[in-house]
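Trainee: Protein chains in written order, with our numbering: chain A, 82 to 331; chain B, 82 to 331; chain C, -14 to 240; chain D, -14 to 240; chain E, 118 to 418.
Because the hints were derived from the structure by calculation, they are not lab data. None of these values were measured; they are calculated from a predicted model. Any given hint might turn out to be false.
[Stated by the list, open to error] Per the computed footprint, the stretches of chain E lying under chain B, defined by three or more beta-carbons under 8 Å from a beta-carbon of chain B, are:
id, region
1, 164 to 171
2, 360 to 373
[Stated by the list, open to error] Simulated pairs of lysine to aspartate or glutamate, EDC-like, Cα-Cα distance not exceeding 16 Å:
id, chain 1, residue 1, chain 2, residue 2
3, C, Lys92, C, Glu154
4, E, Lys409, E, Glu396
5, E, Lys337, E, Glu385
6, E, Lys196, E, Glu412
7, A, Lys243, D, Glu80
8, B, Lys239, B, Glu228
9, B, Lys243, C, Glu80
10, A, Lys239, D, Glu80
11, E, Lys258, E, Glu229
12, C, Lys132, B, Asp234
13, D, Lys132, A, Asp234
14, E, Lys408, E, Glu389
15, D, Lys132, D, Glu17
16, E, Lys277, E, Glu260
17, E, Lys355, B, Glu128
18, C, Lys132, C, Glu162
19, D, Lys92, D, Glu154
20, E, Lys330, E, Asp157
21, D, Lys46, D, Asp10
22, C, Lys46, C, Asp(-10)
23, C, Lys132, C, Glu17
24, E, Lys196, A, Asp107
25, E, Lys288, E, Glu370
26, B, Lys239, C, Glu80
[To be verified] Which chain E residues stay away from chain B? Per the calculated CB distances, all over 10 Å, these:
id, residue
27, Lys250
28, Ala256
29, Lys382
30, Ile397
31, Ala406
Every residue, glycine too, gets a C-beta built ideally from N, C-alpha and C.
So you can see what is in the structure, the chains are spelled out below.
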Amino acid sequence: MVAVALPVLFLLTLIGAWYLLVRLYDVPPQVVPSPETVGSELVRLPEYLATQSWYTLREVWAGFAIAVVIGVALALAISASRVVDQAVSPILVGFNAIPKIAIGPMLVMWFGFGMQPKIFVVVLLCFFPIVLSTVAGLRSTPADLIELTRSLDASRVKTFLKVRVPWALPQFFTGLKLAISLAFVGAVVGEFIGGGRDGIGYVIVAAKANIQTGLAFAGIFLLALMSIASYYALVALERLLLPWSRETTS
Amino acid sequence: MVAVALPVLFLLTLIGAWYLLVRLYDVPPQVVPSPETVGSELVRLPEYLATQSWYTLREVWAGFAIAVVIGVALALAISASRVVDQAVSPILVGFNAIPKIAIGPMLVMWFGFGMQPKIFVVVLLCFFPIVLSTVAGLRSTPADLIELTRSLDASRVKTFLKVRVPWALPQFFTGLKLAISLAFVGAVVGEFIGGGRDGIGYVIVAAKANIQTGLAFAGIFLLALMSIASYYALVALERLLLPWSRETTS
Amino acid sequence: MIQLDGVSRTFSGRRGTVQALSGIDLQVDEGEFVAVVGRSGCGKSTLLRLVAGLLEPTGGKVRVNATRREIAMQFQRPALLPWRNVLSNVLFPVEIFGWKRKQHVAKARELLDTAGLAGFEKQMPHELSGGMQQRVSLCRALIQRPKVMLMDEPFSALDALTREELTVELQRIHARERTTTIFVTHSIDEAVLLADRVVVLSPRPGRIAEIVEIGVPRPRSLGQNEHTEELARCSARLHELLMQNTDETITQPAG
Amino acid sequence: MIQLDGVSRTFSGRRGTVQALSGIDLQVDEGEFVAVVGRSGCGKSTLLRLVAGLLEPTGGKVRVNATRREIAMQFQRPALLPWRNVLSNVLFPVEIFGWKRKQHVAKARELLDTAGLAGFEKQMPHELSGGMQQRVSLCRALIQRPKVMLMDEPFSALDALTREELTVELQRIHARERTTTIFVTHSIDEAVLLADRVVVLSPRPGRIAEIVEIGVPRPRSLGQNEHTEELARCSARLHELLMQNTDETITQPAG
Amino acid sequence: PDSSADLTEVKYLTAFNAFGREAYAFVADEKGYFAEQGLDVEISIGTGSGENMAALASGAADFAPVDSTGYILTKATGKVTGITAVSAVQQKSMVGFMTLDGYGITTPKDLEGRVMGDQSGATTTLLFPTYAKLAGIDASKVEIVPVNAGELAGALAAKKVDVIGQFVVGKPLIEKAAGGKAAISLPFSDVITDLYGNVLLTSEKTDPALSAKFNTALIKGLEYAITNPVEAGQILNKAQPETDAAVAAKELEIMAPYARGEGAKLGEIDNERVSRVIEILTDAGSIPAGKKPAEFIQPVA
Ligand SMILES: Nc1ncnc2c1ncn2[C@@H]1O[C@H](COP(=O)(O)OP(=O)(O)OP(=O)(O)O)[C@@H](O)[C@H]1O
Ligand SMILES: Nc1ncnc2c1ncn2[C@@H]1O[C@H](COP(=O)(O)OP(=O)(O)OP(=O)(O)O)[C@@H](O)[C@H]1O
Ligand SMILES: [Mg+2]
Ligand SMILES: [Mg+2]
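My request is simple: use the sequences and hints to build the entire structure.
Mentor: This is the structure we're talking about:
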């Protein structure tokens, strides 16, 4: 109850502040619309906005799933071998800095205007926190436990599966939570540079280009909502899977 | 030595592969230029590119520094109080999902076309991993150590400063490393939406629009380089400050 | 100084409920030295945590006539901060209390000296042996100069000799400072040597089986003493009491 | 079975160099039970780690005539996996070795039973007392049915009674399986009761001060035995040896 | 710069990016035309019509060229307020379609059944129904896919779309993006004759005297740029090395007739033509009826 009531209350306060600011400072509506305008847009186009949101949500989760697979694989490789780490990590860091806008032409050339290019951008944006957090987690295993596996002559694979990975899970989840947030950013960027008229990101950008600021903000609102829902789905999953982590820390 | 040699070797391999791909698959140069073209662009405009890169680097570090301050403050508030956590966290997650493209007009209205709007975008992009990682770190203190501080009747502030914060530092650094990477993304986005004509991100976008793909890739290369350098500066700092963390883990 | 009235403590988790302590009535007077013995898992550490205020009792009342800071607790595990060296781990309470660090450095070194850790001030905890870590945590508790000292098997990881030396030291401190002490131990010898009274806990749920008074004047030492007989009698009684508990069926966590 | 020739081990860190062991010559035959005693920090754990192959000697040679998996090590700290319950912590080596879990569950329960942990199979490590955790780690080492058993103060957190029970159990196992055992302890009684030979280490750098043969037939028990005199003699000798080391100035880590 | 103390500071935004078609502002700056008028102009890079209008409305910028049609549509529907047009940079609209040689499109009729890529909110999309009606084609037979401005050239070159919305001056860039293939443009002005190209916008609050000075300098730069396209391209390239001087020169050459138009003075904007534009848009149902030219323009003296 409280867990829902508090943020809603806080949100209402924020909306109130927004309302007041827009009124008091006479912010031009083409820059920031008033909350009512946004609300009326939500009411005006419920079906359209739902369809577009659903499209984005699918992109996000598909891309996120792929990013998890790739990210974990990379993290395992990096933390398993110093050579891989030293050779790959800097490249990964550099690669991650490539502006996604710059790969637009490649995207269009390879994929056209479907969902793939957007999923591709989602993956690009969100795999890195997964890699980094997982590597950090895998490396944080206490020396005690590694000594135990060594005394049992455990293979590297078993040590990973039975000790390092479980130990890394809390940090892995931090990575996932960051990644899902970035996945939404990625979906919007993908919809922006990837072309086509699907997705809530497209709605936002198109509405903004047409100075339909109210609609743009309605889209942003829905995007934020989906992002919050996805994030807390992960939080719930974490609580379910890792009770020990909360019980042994304080 | 090896730490530098390996990635350089790997990079050279990548460049070789790139060269071959471009040759073999006859990729049009306006989509992906060949490595020589990129090299010649670097040689052609060294001063201009250096100035623009330096501008971006300043944006990045200024924004990063602000994000660290804000991120840490938020993280402390969130992990100090359940109420703050429940009220603020969902909003933060939603806020983080707002497409930066959508806030272009607001930025320009508030800040004009100077460096501030770009720094602002850098902050927006990179404060979130700092918050999340720091909160996760602050919450991972072993029950043992918290019991110790409780037995000493330590105030919350002292418990934070003397136990939770030091314990959280390794995870905090994971957050910093993610943040610095995102800071570069933020700088480019800021330069893209914030107007003005400074920064390597502007160079990349403008060159791309003018189908000067060689120059765009040269910009990307410099961006990646700065990103790698900044990232490893943090890694070095971590090694310097947290030897205990590496010594007690394995 | 310390008063427990019908104190009980239950732990309930997803895997069932464990009653750790039940109906504990105990009074410890100012300056008294009470030892607690009992089988592993019978609730000794839980008792100390209750007295220290680290756990709330699920039944009964715990009253301690001292502020939190006047109570020092030595935990069963060393609980050292991995990023601090030995000296600064010992000085940790000083920093928490906001005392002047400078004024206590000498005291810390002295304690480390007594504990046989001279020269290790700059080492990090992970570079120490198990017993050395335990001694560091002992020094950390002693630097507080507490009115109430709660010690949870402080010598378990130490050899007989070091143990003896530190026992002597502890007696000296107790004689000088009149620190009210509760001392959990598995060594009947230690209990008999140090305590005014020895509380014997029976296991699951932990109850007080008996409290044995050790009516021997201080300072005591084992074996070379005119009260040998009395000490031996106490030891035997404690052995017997501990033995009794074996018969009791060990209860399981109620599912 | 185990052969150490002039083994030494130095730890060098940023805070100076500590010579933990120096010139250790030791041979342990198959089926032999060797106890190691010595002051805290004298290098006992380091010795076990060297034999287990967890540390490389900085000088000399360590030879063990058994594969890694035939050597079981019980660490000084329990080192339990916090996300596994008691039973599955005990079964951890089984999983690592790729043995059939099913076939070993019964054995694990039996061991837990013997250790007085029946009914706690489903509890998580943080819900156990210190001594209970130590017993879980003992069960984990025993489930391996090793040819070589390395035990680092396995009973330090246990009460006298549990200790006695487990000592008996250990003797039984040793008699049945002829496990070559190195057993680090702080209890001279325990050493004398269990071991064929007792190695006395002198501290910093750890050297072998003497090896005391315990020429008493098995099964032994303290006090009620025709060899009481011989056992007492050994105990006294060990005490004396440990005392000697006090004179030696404790060396500091060379800076 | 040391005399900049007594110069009036002005913030100018390009219409979009720093293409050759924007060179005139850089020329005016380089040649000192702004300084002559006592102005210290800071040229920033515009990111599109919407952003430019928002920047002007919020006072973040003082002057910016914006496509006239987009401007009238936006202002007439009340989505933006407080800005006005002071002059016309191009007398004739440069908006249009562009396709590549061999894609089989040479006349408006060929558009039917084809896929067109266009930036969302672009004038081409907004006016397409009007264009289709006047050109006699069925607008419903053309599929319009929104494509980010930066990807239009690539999408056309990769034949992900058959035709794109593009200013006629975009020809050299599109050809470069297509690896040298010839581009074909279908300008709107062939069918809808009255549309202006970009108009120079400013806030309604701007001092008319300042507007006049700025406009004089800017139009002088425009005159120079279209008369000396090669030099103008180089000036642009010097200021913005991302540009391609040769492409810029070609753009300016193409732009010259559009800037000059037929018979009007360079930069001139008049009520009569604006009222015709309003008529077209009202007929198309894009703006409410009854709008007056004065609501949109305040020509400089
Ligand atoms: N946090 C907890 N959650 C659940 N059960 C607990 C918890 N702490 C202690 N217990 C249970 O309470 C009982 C008493 O534990 P306690 O640690 O007080 O024993 P102890 O007498 O100190 O034993 P030892 O001599 O082994 O240290 C045990 O059965 C233990 O399983
Ligand atoms: N990882 C390490 N780094 C540095 N020094 C170490 C390390 N491990 C052990 N030492 C040092 O080696 C010496 C012997 O340590 P060891 O743990 O073997 O002692 P021990 O005999 O087992 O003591 P205890 O009875 O207290 O467990 C100690 O002085 C300790 O400080
Ligand atoms: Mg205990
Ligand atoms: Mg040891």
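Trainee: Each of the hints needs a verdict: does it hold here or not?
Mentor: How the hints compare with the structure:
no. : hint                   : result
1   : 164 to 171             : holds (count 4)
2   : 360 to 373             : holds (count 3)
3   : Lys92(C) - Glu154(C)   : holds (15 Å)
4   : Lys409(E) - Glu396(E)  : holds (10 Å)
5   : Lys337(E) - Glu385(E)  : holds (13 Å)
6   : Lys196(E) - Glu412(E)  : holds (14 Å)
7   : Lys243(A) - Glu80(D)   : holds (9 Å)
8   : Lys239(B) - Glu228(B)  : holds (13 Å)
9   : Lys243(B) - Glu80(C)   : holds (9 Å)
10  : Lys239(A) - Glu80(D)   : holds (9 Å)
11  : Lys258(E) - Glu229(E)  : holds (5 Å)
12  : Lys132(C) - Asp234(B)  : holds (15 Å)
13  : Lys132(D) - Asp234(A)  : holds (15 Å)
14  : Lys408(E) - Glu389(E)  : holds (13 Å)
15  : Lys132(D) - Glu17(D)   : holds (11 Å)
16  : Lys277(E) - Glu260(E)  : holds (12 Å)
17  : Lys355(E) - Glu128(B)  : holds (13 Å)
18  : Lys132(C) - Glu162(C)  : holds (8 Å)
19  : Lys92(D) - Glu154(D)   : holds (15 Å)
20  : Lys330(E) - Asp157(E)  : holds (12 Å)
21  : Lys46(D) - Asp10(D)    : holds (9 Å)
22  : Lys46(C) - Asp(-10)(C) : holds (5 Å)
23  : Lys132(C) - Glu17(C)   : holds (11 Å)
24  : Lys196(E) - Asp107(A)  : holds (15 Å)
25  : Lys288(E) - Glu370(E)  : holds (11 Å)
26  : Lys239(B) - Glu80(C)   : holds (9 Å)
27  : Lys250                 : holds (32 Å)
28  : Ala256                 : holds (29 Å)
29  : Lys382                 : holds (31 Å)
30  : Ile397                 : holds (28 Å)
31  : Ala406                 : holds (29 Å)
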